[in-house]
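A.B. asks: Let chain A serve as the given structure and place chain B on it in line with the hints.
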Amino acid sequence: MSGNSTVVGGRPLDEVIRRIIADVLVIAPDAVQPGKALVQDLGAESIDFLDLVFQLEDALGFGVPYQRWQRYVAANYTGKDLAVVLTPEVIEAFAVEVMAEQALAAP
Amino acid sequence: MRRALDRRVSAEAEGAAVAAAGLAAGAYAVSRSHSLGLGAAAVAPVGVRVGVDLVRIDRVTPRHAAAVLLPAEQEALAPEGAVDSALGWALKEAGAKAAGAPERLFPYGVIIERGPQGLGVRAVGRWFTAGWLTFGGVLCAWVREGGMPD
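Line by line, the protein sequences are chains A and B.
Okay, so the first sequence: first residue is 1 according to the working numbering, each after it adds one.
Okay, so the second sequence: first residue is 108 according to the working numbering, each after it adds one.
Simulated from the structure, these hints should not be mistaken for laboratory data.
Among the hints, a few may not be true.
What the hints assert, rightly or not - Short, incomplete list of chain A residues facing chain B, as computed with Cβ under 8 angstroms:
| no. | residue |
| --- | --- |
| 1 | S46 |
| 2 | L50 |
| 3 | F54 |
| 4 | E57 |
| 5 | Y72 |
| 6 | A75 |
| 7 | L82 |
No residue lacks a Cβ here, since even glycine has one placed at the ideal position from N, Cα and C.
Chain A on its own, in the form it takes in the complex (with noise of 0.2 angstroms):
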């Protein structure tokens, strides 16, 4: 999606995010494209949010606590749409952020 070379478990960060999201919509990888609004284009609900969290958290073999989630959002989104804003773009740059703070905070 990014086109960024961030690998996790020996795969594309991007198409790990892909599989995550689908998996959380019970969608196909195939209809989880650039640009598409989660919320408005994919149906998801806020719960699905928190599922994201939670699979990105296994995925990447750290706590992710939501509530950086959604200082995440605050940050980046406050006063926008997060019907329309929210993409797997977003997803991926979220993890990006996290990995990054992650790796900072190892010893």
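C.D. replies: Just chain B now, kept in the frame of chain A:
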């Protein structure tokens, strides 16, 4: 397509709620929710804050509950048995909507408490009485400003 269906069922629920409450068209407070092609609406006279949420009961697992409910809230909800997790989720969502800032207040800006009259929620310094019902594996919870504490 799904969004269109959600909008339609929510609007239908709102119309039914307004008619049932005998409120004048265009002069009421409203909160709407939708899930799985079902819609719900809570209405009240202008100036009274209300919130509503619909959730499939089996969709809210103990892991979800642990992520959004404080230990004291889990304790307050425990008497509700099998629906405690779904009810906790839905009351938080309904409370956050009623308080006017769902994205900012859900989940920790809304606190669920059990008082002498039953469950209620507290948010933005206000108290809300709570109600809920279940049907076909779905739970609908609502809150209305007022009530608590005693």
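A.B. asks: Would you mind marking each hint as holding or not holding in the structure?
C.D. replies: Okay, the hints, checked on the actual structure:
1. S46: Cβ of A:S46 sits 7 angstroms from chain B, so the hint holds.
2. L50: holds (6 angstroms)
3. F54: holds (6 angstroms)
4. E57: violated (10 angstroms)
5. Y72: violated (12 angstroms)
6. A75: violated (12 angstroms)
7. L82: Check passed: Cβ of A:L82 comes within 6 angstroms of chain B, closer than 8 angstroms.
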